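2 protein chains.
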Amino acid sequence: MIYIGLDIGGTNIKGAFVTKEGKITHRFGFRVDYSKTQEEIISLIGDSINSALKEKEIEKEEVGGIGIGCPGSINSKTGICEYSNNLNWFDLPIVAMIEKATGIKAKISNDANVAMLGEAKFGVGKKYHNLVLLTLGTGVGGGLYLNDQLYEGEEGKGAELGHMVIDPDGKECTCGMKGCFEAYASATALKNMTQEAMEKHKDSLMWKQVEGDLSKANGITSFECSKKGDKAAMEVVSKYEDYLAFGIINYCNIFRPEAIILGGGVSSQKEYLTDEIEKRLKEKNYGFKRTPSVKVLVSNLGNDAGVLGAAALVM
Amino acid sequence: MIYIGLDIGGTNIKGAFVTKEGKITHRFGFRVDYSKTQEEIISLIGDSINSALKEKEIEKEEVGGIGIGCPGSINSKTGICEYSNNLNWFDLPIVAMIEKATGIKAKISNDANVAMLGEAKFGVGKKYHNLVLLTLGTGVGGGLYLNDQLYEGEEGKGAELGHMVIDPDGKECTCGMKGCFEAYASATALKNMTQEAMEKHKDSLMWKQVEGDLSKANGITSFECSKKGDKAAMEVVSKYEDYLAFGIINYCNIFRPEAIILGGGVSSQKEYLTDEIEKRLKEKNYGFKRTPSVKVLVSNLGNDAGVLGAAALVM
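If you read the protein sequences in the order shown, they are chains L and R.
Per this note's numbering, residue 31 is the first one in the first sequence, and the count goes up by one each step.
Per this note's numbering, residue 31 is the first one in the second sequence, and the count goes up by one each step.
None of these hints come from the bench; they were simulated from the model.
Computed from a prediction, not measured in an experiment: that's the story for all the values here.
Just so you know, even glycine gets a beta-carbon here, dropped at the ideal spot from N, CA and C.
The reader is advised that the hints may include incorrect statements.
[Unchecked claim] With a straight-line cut-off of 27 Å between C-alpha atoms, the simulated BS3-like cross-links for lysine-lysine are: (1) R/Lys221 - R/Lys238; (2) L/Lys201 - R/Lys314; (3) R/Lys325 - R/Lys257; (4) R/Lys312 - L/Lys208; (5) L/Lys208 - R/Lys201; (6) L/Lys201 - R/Lys312.
[Unchecked claim] Away from chain L, derived, C-beta distances all over 12 Å, residues of chain R: (7) Lys53; (8) Glu69; (9) Glu87; (10) Glu89; (11) Lys90; (12) Gly94; (13) Asn116; (14) Asn118; (15) Gly200; (16) Gly332; (17) Asn333.
If we strip away everything but chain L, and leave its shape as in the complex, we get (with noise of 0.2 Å):
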């Protein structure tokens, strides 16, 4: 038996033959052209599906599903990408096409969902339980693996991790509240604390790293010079650390995970990240001494890990 795993993006959309344990067989796609319609999308995703199966010659009876991770205002129940800013998709019932297409059962989640399915399948949080999984990255994603299940909320529409609000007073975030998480954890966030930091000190080696242009300034720009010794980078790196880590607390005290994996751009800091936060987290660490301990990871299925959910969702 093998699972389809789809992954629908802003450029391209990726296919894969799954296994049972994860292996990768076989993997199409194609880049998308969204200025075609989203119905003559979804009829070349059935088309590259149709021939793939055909290509590899394998049976539908040998499928065991197709897994469909979205961006955007996905309801998993129903099959329907209510809207997705990313795509400029509106009402579009994928999974009733696909079925349509192929003869085969299919199921959709969004992308941060099927994201943190695949890591607690096959990736990073693979020996755990209870997963939070932090996407930051533009905004900030969130999925929840928990009890051993994924965990998607009425319509799949929970897990907005990012819209917490940590500041009633806070700073304005894009869903038109104020002080969400979001506002002080995304990689968006971050470039303006940069850039913000960068008008401040004039001197400041991060005007080196981007070449004198402050709109070159991005997740990156003050990691790099923190790592340097700028000051003032440093100074940015510890208050978004401060503030991401703010945030993953209140996680543990909800959730009590086993650990809290971090995905998306400003994740690819790894240790020199991490570290830092789990620091954070043992000064301030709800309740007693032996309320157990959380681990910071770092997503480590890449590009892959799309799929991977995604083929994870009809397993």
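Following the hints, complete the assembly by docking chain R onto the known chain L.
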């Protein structure tokens, strides 16, 4: 088959024989003298279970297990009460001791978790799959019922829902942190807010309500006077509801449950409280209009939530 539920409280230890359907067929228990050693008390509990079984002529083979709800820091994995402030118990291996005394398998969890399970299995949460319980009493306790299961976290030490920090520079919490949800949403917090308002408004009806004795003001004072139209009381209630809704919105975004169940002293205000909270949730629900709305309910098992939930632990 019957299941034994034990509710260990600060004054009484209550026991019940419970059917799979949640019907209580027999009650037993006793008033506890906490000047006795912790070992003596557990021994008395064992005796009371054995006597009740004898009295009702029930063989041990007919018992599905003993479930125990206990306040404090309970390690549900090891079955040890590590620390209970209320009971003055330390490092007490309750499960092993009860199993030895009765010859029946036992399980333990903290009292808020057990109340959550009771409401989910037999109470107001019966028809739902994803639930969050908040008990608004001296502190704010929490329980989570996710994907049709109790979620306890590592060693049963998750669901510390009162200790989500919602304002980093906020009110001091008993746990040592600042700005915990508990410091705003507990009955104690409401009492403090009430007393502060009374100091400011010497003409408030609340003074009459407590017969001129500030120390008599409690979590009910402001609600009672608010219903009679007292302006100062109405302000206290509205501010309290703002705080409570604020934390609940976070839990909606994190879990997107079907319902939030309120328990504890403050929840006795029923619709007078829940209607206002639901109104606030509708205004600030994250996401697009189709994000499912979350019901706010009041626990309805009353004093039986403890024994019923405890029995459900072993069903």
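Inset, instruction - Find the hints from earlier in the document that the structure breaks and name them by number, from lowest to highest. - result: Structure breaks hint 15 only.
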